[in-house]
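Novice: Spelled out, the chains give:
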Amino acid sequence: MNESICVLPCNGLDKCAGDLSRRVALELTQSEEVELICPVLLNQNKTRYEKALAAGDLTVIDGCNTRCASKLAGDLDLAIKEKVNVSDVAKALDIKLGVEIRDDQDTQAVVREVLEKINSSAAEQTESEFIEPDSIEYNTFSHGKFIFKVPQSNYFFNENDCWVTISGNMARVGVSDYVQQNLSDILYVDPPEIGDKFEQFDDLGSIESSKAVFEIISPVSGTVVAVNVSLNDAPEQVNESPYEKGWLVEVHLSDFEEDQDLLHDCPAYFEFLQRKVAEIDV
Amino acid sequence: MSESTFMGVERDRIDWSPRIDFTKCNDCMDCVEFCPHQVFEVDENAKPKLKVKNPNNCVVFCRACSKTCGPDAITFPDKPETTKMIKAIRKAEKEAATDE
Chain A
1 MNESICVLPC NGLDKCAGDL SRRVALELTQ SEEVELICPV LLNQNKTRYE
51 KALAAGDLTV IDGCNTRCAS KLAGDLDLAI KEKVNVSDVA KALDIKLGVE
101 IRDDQDTQAV VREVLEKINS SAAEQTESEF IEPDSIEYNT FSHGKFIFKV
151 PQSNYFFNEN DCWVTISGNM ARVGVSDYVQ QNLSDILYVD PPEIGDKFEQ
201 FDDLGSIESS KAVFEIISPV SGTVVAVNVS LNDAPEQVNE SPYEKGWLVE
251 VHLSDFEEDQ DLLHDCPAYF EFLQRKVAEI DV
Chain B
1001 MSESTFMGVE RDRIDWSPRI DFTKCNDCMD CVEFCPHQVF EVDENAKPKL
1051 KVKNPNNCVV FCRACSKTCG PDAITFPDKP ETTKMIKAIR KAEKEAATDE
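Chains as they are written, first to last, in the working numbering: chain A, 1 to 282; chain B, 1001 to 1100.
With the rest of the complex left out, here is chain B (with noise of 0.2 Å):
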C-alpha cells in the first residue's frame, strides 16, 4: 500500500503535515480547495472553521498548500530532521530484521 507507507515506513511514523497559523489565515480556503488529498476539512459551525483532519495523507515533503496560501499562513516540519528520521526507522527496521 503506497499510500499508508513513505519508502517502506509506515505512514504514522512520519510527523509531516501541515501546521496552520491562525492569527494569519483569512478563512480563504485555498489550500482545502487545492490539497487532493483531504488533508483538510472545514466545518462552518467550528471556529476556526479549517482543520487538518487527516495529516497522515499529507504526501511526505510536500508543501504545495503553502504556496498557495496568501497570508502565508501554513508551515511544515524542517525537511533534513524528517529525513534523518526516516532514515533511522529503515535503518532500525533492516537490522531487526536481519537480528530474526
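Chain A with its partners taken away, still in its complex shape (with noise of 0.2 Å):
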C-alpha cells in the first residue's frame, strides 16, 4: 500500500456539485502526502503527473453523474483506488445541491461527509466463512471471434448476466464471463459496504471498465458480509477469472428457495447466453 495519495477531482467550476468536488481535493491537498491533480493539465500533459501517480495511490472525487474525471482518469488508463461522487453522498444525506454554487450548512455537510468516507478505511471484514469449490469445470461455446465459458454446475444466474454460488447460507456474487467481455478491461470496482441489507435485483455496487458502467444486479436477497478486497489493486482479476478470484460481493442469504425462483441453473444460462449473443452484436 502506498503512503501518498493523489486527488483528481471535477473540474468544479461550473456547477455545485462540482465546486464541492474542489472544496474536499483542497482540503485533502492540506495534508502533506496529497497531490492534487488538475484534470485540465492532467488531459493536456500526462507526464506533468507521471512521478506523482507511479508514487501514490490515485482517488478521484466526481460531481455528478457525468464522472469526467473517472473517464478521464479510464481514457489514460489510470487505475483507481478510490472514487467518490459528491452527488450521490449528497443524494444519501438528503441534500439536494441544484446548480448554483453556494456555501452553507448542507454544502458544508456534504463536503465533510466526502472527506469522511476518503479517510476512513473499508470498514472490518471478518475472516470469509466461503468454502471454495476445489475446481470447476465449464462449458464453452464461440460466436464470432469471442468464447464464452459458463460453468457446468453449482451457479445460479439472473437474466442481468449476473451469477451466484452457494456454500451452506453463505453465497458469493460475481458476474458472468459474457459481462467481462463485453466491457473489456476493468478499471474499478465499486463495492456495496459491508452489512448492507439488500433486495434480490437491488444494486450490488458496480464495475466500471472505460467503455461502460455495469451494475452489478444482485440474484439474491441477503446481508453484504465481505468484498473481494483483492480487485482493490487487481480489478483485471473479474476479467481473467470473472466465476472465481473475479467474484465481487460475499453475502449471508436470507431466502434463497425463494429467489431461485427467478434465476436460471448452468444448462439454462448457457442456452440463455447462446440466444443472447446470437440476437445482439457482441
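Keep in mind the hints are simulated off the structure, nothing from the lab. C-beta: ideal position from N, C-alpha, C; glycine also. Do not take every clue at face value.
In silico BS3-like pairs for lysine-lysine, Cα to Cα no more than 30 Å straight-line [as the list claims (entries may be wrong)]:
1. A/Lys51 x A/Lys83
2. A/Lys96 x B/Lys1051
3. A/Lys211 x B/Lys1053
4. A/Lys71 x B/Lys1024
5. A/Lys81 x A/Lys91
6. A/Lys83 x B/Lys1079
7. B/Lys1051 x A/Lys91
8. A/Lys71 x B/Lys1051
9. B/Lys1079 x A/Lys276
10. A/Lys197 x B/Lys1079
Far from chain B by the CB rule (all over 10 Å, computed), these chain A residues [as the list claims (entries may be wrong)]:
11. Leu41
12. Gln44
13. Asp75
14. Glu116
15. Ile166
16. Ser254
Quick one: dock chain against chain with the hints and give me the complex.
Specialist: Set out below in C-alpha cells:
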C-alpha cells in the first residue's frame, strides 16, 4: 500500500456538485502526503504527473454522474484506487445540491461527509466463511471471435448476467464471462458496504471499464458480509477469472429458495446466453 | 426469444423502462449514447428532443442509463414491486398450465 495519494477531482467550475469536489480536494491537499492533480493539465500533459502517480494511489472525486474525472482517468489508463461521487453522497444525506454554487450548512455537511468517506479505511471484514470448491468445470461456446465460458454446475444466474454460487447459507456473487468480455478491461470495482441488506435484483455496487459502468444486479437477497478486497489492486481479475478469483461480494443469504424462482441454473443460462449473443452484436 | 421475455414472462407485460424528468434533462443525450438497446430516440425537431421510443427494449432491472445522467433526470419503477409482479405472473401462468 502506498503512503501518498493523488487526488483527481472534477474540474468544479460550473455547478454546485463540482464546486464541492474542488473544495474536498483542496481540504485533502492540506496534508503533505496528498498531491492534487489538475484535470485540465492532466488531460493536456500526462507526463507532468507521471512521478506522482507512480508513487501514490489515485483517488478520484466526481461531482456528478457525468463522471468527467473518472472518464479522464479511464481514458489515460490510470488505475483508480478509490472513488467518490459528491452527488451520490449528497443524495444519501438527502441534500439537494442544485446548480448554483453556494457555501452553506448543507454544502459544508456534504464536504465533511465526502472527506470522512475518503479518510475512513474500508470496514473491517471478518474471515471468509465461504468454502471454495476445488475445481470448476466449464462449458464453452463461440460466437465470431469470442469464446464464452459458463460453469457446468453449482452456479445460478439472473437474466442480468450476474451469478451466485452457494456454500451453506453463504454465497458469492459476481458477473458472467459475457459481462467482462463486453466491458473489456475492468478499471474499477465499486463494492457495496459491509452490513448492507439488499433484496433480489437490488444493486450490489458496480464495475467499471473505460467503455461503461455495469451495475451488479443481485441474483439473491441477503446481507453483505465481505467484498473481494484483492480487486482493489487487481480489478483485472474480473476479466481473467470472472467466476472464481473475480468474485465481487460475499453475502449471507436470506431466502434462497424464494430467490431461485427467478434464477437459471447453469445449463439454462448456457442456453439463454447462446440465444442472447446470437441476437445481439457482441 | 430471450429479448422478448424476462424469466419466461412476456416483456410487454413487465412495466420497466426509464422515466425522464424534463424539468431536469439538459439534452446532453449521454443516455442515448450509452444505451445499446435503442430504448431512446432523438428527434431534433421535437420538443423535448428525447423520447423513450422502445420501452420494452429496456433490460428489466437495468438502471445503468440513470447512472450516466449528470442532472439526475432519469428514474425507474420500484424494483421490489416489479419483482413481486413478475413472480405473480409466473405463478398464475404455472397454475393455468396445470389446470389445462
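Novice: All hints, please: hold or fail.
Specialist: Tested hints:
Of the pairs offered as hints, the one joining A/Lys51 and A/Lys83 holds, with about 21 Å between alpha carbons and a cut-off of 30 Å not exceeded. A C-alpha spacing of about 26 Å is found between A/Lys96 and B/Lys1051, which places the hinted pair at or below 30 Å, so the restraint holds. Between A/Lys211 and B/Lys1053, the direct Cα distance comes to roughly 24 Å. Compliance with the 30 Å bound is thereby established for this hinted pair. With a C-alpha separation of about 23 Å, the suggested pairing of A/Lys71 with B/Lys1024 holds against the 30 Å cut-off.
Using a Cα cut-off of 30 Å, the hinted pair A/Lys81 and A/Lys91 holds, with the two alpha carbons roughly 23 Å apart. The straight-line distance between the Cα atoms of A/Lys83 and B/Lys1079 is roughly 26 Å, inside the 30 Å bound, and the hint therefore holds. For the suggested pair B/Lys1051 and A/Lys91, the alpha carbons sit about 26 Å apart, so the restraint of at most 30 Å is met. For the hint linking A/Lys71 to B/Lys1051, the alpha-carbon distance of about 26 Å falls within 30 Å, and the restraint holds.
Between the alpha carbons of B/Lys1079 and A/Lys276 the distance comes to roughly 23 Å, so the proposed pair stays at or under 30 Å and holds. Restraint check for A/Lys197 and B/Lys1079: the C-alpha separation of about 15 Å stays at or below 30 Å, so the hint holds. Interface exclusion of A/Leu41 from chain B stands, the closest Cβ pair being 23 Å apart, more than 10 Å. At roughly 23 Å, the least C-beta separation between A/Gln44 and chain B is larger than 10 Å, which holds for a residue marked as non-interface.
Its beta-carbon lying about 15 Å from the closest one in chain B, A/Asp75 satisfies the requirement of being farther than 10 Å from that chain. Listed as outside the interface, A/Glu116 is consistent with that label: its C-beta sits roughly 23 Å from the nearest C-beta of chain B, beyond the 10 Å cut-off. Residue-level check passed: A/Ile166 sits 19 Å from the nearest beta carbon of chain B, beyond 10 Å. Interface exclusion of A/Ser254 from chain B stands, the closest Cβ pair being 13 Å apart, more than 10 Å.
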